[in-house]
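Enquirer: What follows is each chain in one-letter form.
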Amino acid sequence: MAKKPKIRELLDESSCAHNQTRKAACNVPKPGATTGGCAFEGAQISLFPYADAAHLVHGPMTCLGSSWETRATGTSYAGRDLTQVGFTTDVTINDVVFGGEGKVAEAIDYIMERYRPEAVFVYATCVTALIGDDIDAVCKQASERHGVPMIPVHAPGFVGSKNLGSRLGGEAVLTHLIGTAEPETSTPFDINLIGEYNVTGDMWQYSPLLEELGIRILSTLSGDGRVAAIRTAHRARLNVLVCAKSLVSLTRKMEERFGIPSISLSFYGKRDTSNGLRTIAAALGDADLVARTERLIAREEESLEQRLAPYREFFRGKKAVLNTGGNKTWSIAAALQDLGIEVVATAVKKATEDDRAKAREYLGEKGVLMMNPGAEQAKLIDETGADLLLAGGRSLYTAIKKGIAFADVNQEKKKSYGAYNGLLNLAEDLKNALENPVFKNVARRAPWES
Amino acid sequence: MGVVMKKPVKPLQVNPIKLSAPMGATLAFLGIERCMPLMHGGQGCTSFSKVYFTRHFSEPIAVQTTAVTDVTAILDGGDYNIVEAIKNITTKVDPALIGLFTTGLTETKGDDVRGVASQVDFPLAYVNTPDYEGGLECGWGLAAKAVIEQLVAPTEAIDDDRVLLLPHVSLTSLEVEKIKDFIEAFGFDVLALPDISNSLDGHLGEKQSAISDGGITVEAIRSLAESSLVISVGTSMASAAEALTRKNPFVRHHHFSHLSGLEASDSFAALLLQESGRSEPPPVVERWRKRLQDAMLDSHFSLGQTDFLVCAEPDHLAGLCQSLQEAGGRVRVALSTVNSPQLNSVVADVVQVGDLEDAELLHDRYHLVVGNGHCESLAHRLHKGLLLRGYPNWEHVGHQLRSDVLYEGGCNLLFEAANVATDLREHNR
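Residue numbers (this note's numbering), protein chains in the order written: chain A, 6 to 455; chain B, 27 to 455.
Mixed in with the good hints there might be a few duds.
[Claimed, not checked] With a straight-line Cα cutoff of 27 Å, these simulated DSS-like cross-link-like pairs (lysine-lysine) come out:
| id | chain 1 | residue 1 | chain 2 | residue 2 |
| --- | --- | --- | --- | --- |
| 1 | A | Lys-35 | B | Lys-113 |
| 2 | B | Lys-410 | A | Lys-407 |
| 3 | A | Lys-250 | A | Lys-419 |
| 4 | A | Lys-323 | A | Lys-35 |
| 5 | A | Lys-323 | A | Lys-420 |
| 6 | A | Lys-406 | A | Lys-371 |
| 7 | A | Lys-355 | B | Lys-118 |
| 8 | B | Lys-135 | A | Lys-406 |
| 9 | A | Lys-324 | A | Lys-250 |
| 10 | B | Lys-113 | A | Lys-354 |
| 11 | A | Lys-145 | B | Lys-36 |
| 12 | A | Lys-355 | A | Lys-35 |
| 13 | A | Lys-354 | A | Lys-384 |
| 14 | A | Lys-355 | B | Lys-113 |
| 15 | A | Lys-384 | A | Lys-419 |
| 16 | A | Lys-371 | A | Lys-419 |
| 17 | A | Lys-324 | A | Lys-445 |
| 18 | A | Lys-384 | B | Lys-118 |
| 19 | B | Lys-410 | A | Lys-420 |
| 20 | B | Lys-410 | A | Lys-35 |
| 21 | A | Lys-445 | A | Lys-419 |
| 22 | B | Lys-118 | A | Lys-354 |
| 23 | A | Lys-250 | A | Lys-323 |
| 24 | A | Lys-355 | A | Lys-250 |
| 25 | A | Lys-354 | A | Lys-371 |
| 26 | B | Lys-118 | A | Lys-35 |
| 27 | A | Lys-371 | A | Lys-420 |
| 28 | A | Lys-419 | B | Lys-135 |
Everything labelled a hint here was simulated from the structure, so no lab data went into it.
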């Protein structure tokens, strides 16, 4: 069972600049008015990408049955990709009454015999946390039995949001894996990528550039990750936190324990990617590396500009309204601007103060930050003559009514929009949306409508 | 009849096809007009289900959560979370009904939803659906039964023309519509409960509503006991039908295991002929029967040399296997999500409750897989053909408007299966 003090401590993150405005009560979901995912989902997001580990969900069927194979987190692992294999104890009423610890132990043995993973993560869920199954003890014994790490993950859904669950996932890795093995070799340019999950291969858009610069990705949490690598993470020179505020507790603790400094950045859009590479080089503190990085950025930006030229021509004068939440409120806006699209408005209703400030920075004084996008967006489309609405499925009808193009920002991505090359994918998808006559065609009146 | 293995022998599920009862209840309440399904559990239970169905239907899905936390899990008996949730829902939207159902979490802590429901001054139906018992089909069936028990007014009056259809969870929007049309063609007025034919069918609406858009109205539900006939389709719906007969002793109940294939369609048509007192079926029914006969002959050559693995909910499994084998398809393995009395009627060499790891171990027995989107990686890895059926289907669009039932749908299923099998043989040559 997750212990209260630890959760309180994780919610009270000292290295988060906005923490003073957060009260514990804000984290309590409102009955009947809640949409986000739970802590278990957060842990799943942060840990499932380890493809050489088995992920055993100790709970009833909703937890895994509705969620396995939902995230396209690419891996280069040569063995069976365990990120796409669902393991669950599928607890029954019998387990609820008599306890499910025996089942977990048997399930681990079963997995070890047939799949031989490098580790097994065992996830507590609401039901099994409530009945008090001691997965710590089961994991400890199984680890001794099999000689590989067995990691209990205490992020049952009801302790909080996805964000907290990711922190709890990070905690489990810090407690049970980081620092338990030494790397074969070390270089002055070893980094850990924290919070990069390699969804649709986002990480692979920029990892070859790091490699070219001589920067070694020692380990990741957890995109294209390996258990053996994360065990050596304590020897890295730098922690790079990619677009993930949730794991700031982990990087702070690693700084305290192992003296590893950390930086936070994103690889979304041209400007962020270039800045990201610069920030890493600067943090590693090598003058030659900094110079090499500048040369690489110049080369990549020029190459990108050449390939973007036909798109820029197409996007010239095009305006977009963006209705999304979180860091997408500004990160997508920045990427759109990189393509030469003017972002006339972005929704900030579901954004933190930090996100709102960034949105203002990117959109400038003229840009509209929508606090009530549902009501505002239609009017703004009229007023600004926007050509494109980027929003969730519920806003589709607004675009059709206005006869403008629509792109679903929440749709599961099939290809990466990350880094320099990803921007070309985004450009292609948006060009296709803007050229598609479907939005005007479906808006035709039926012959029986006046 | 082959071997039936109903008990899993493993301590876990690997690559499950089973889905939970609360997810089934969610779908059932979405088949009621202007309903807000309210899942009594942690926020994740709802969030996962919402994302899952949003991707499956490519539509926004209305469902809310009582958002039980670790603290309220211990300190609250459900009263606070449920009453607060209903208050918060009704200040924002105006549902005609709230469909309240439990989860593993709230059943483990032992909430008395019946007691809480009695304190709520709002139209509500409640049902117990712990996700550690039964599965998707079961949750849907229990929700339908609860709605009948709690909302239908008892009566002794009968409207001779009225028929109530109780479809199982795996019937698509178009399948429910086709069955209703079929019954209507014999001169009846027909309602379905739940009715996803116009709620989850994917239609462009003026407003993407935060509550269900389409389905049977609450008003219509209240007078369902006036139906002269109730027709249940699928074993999971039998007890809901019996609940209706307790509301009115004059309601007559007819049960069908499924409505797939020539034989089942014939029995269904025979019943409707008898009940309507007609001597001949509507011409369209006759035309489709002849087409199905021809479709069976056209597809038999391909199907007759194809070994199948079929994975589905029990009621769906029975129909798919029957339809395929009528035209010579050899169903080697029928893999069921959960146990059900229905499994005794499934036509296959092996009928087994299991997961896709079990399916993988039996890989040398079949060429073609009929199953949900999770079967894709298995089919790809083992070079099998694939016919996507059931929940979830995240990759393809349009599945809610595909029908495999009755004479007409039977043609679609057999043609598609035969063509996929032919392509597979071409490809592997």
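Enquirer: If you test the structure against every hint from before, which numbers come out violated?
Expert: 2, 4, 8, 9, 15, 16, 20, 23, 27, 28
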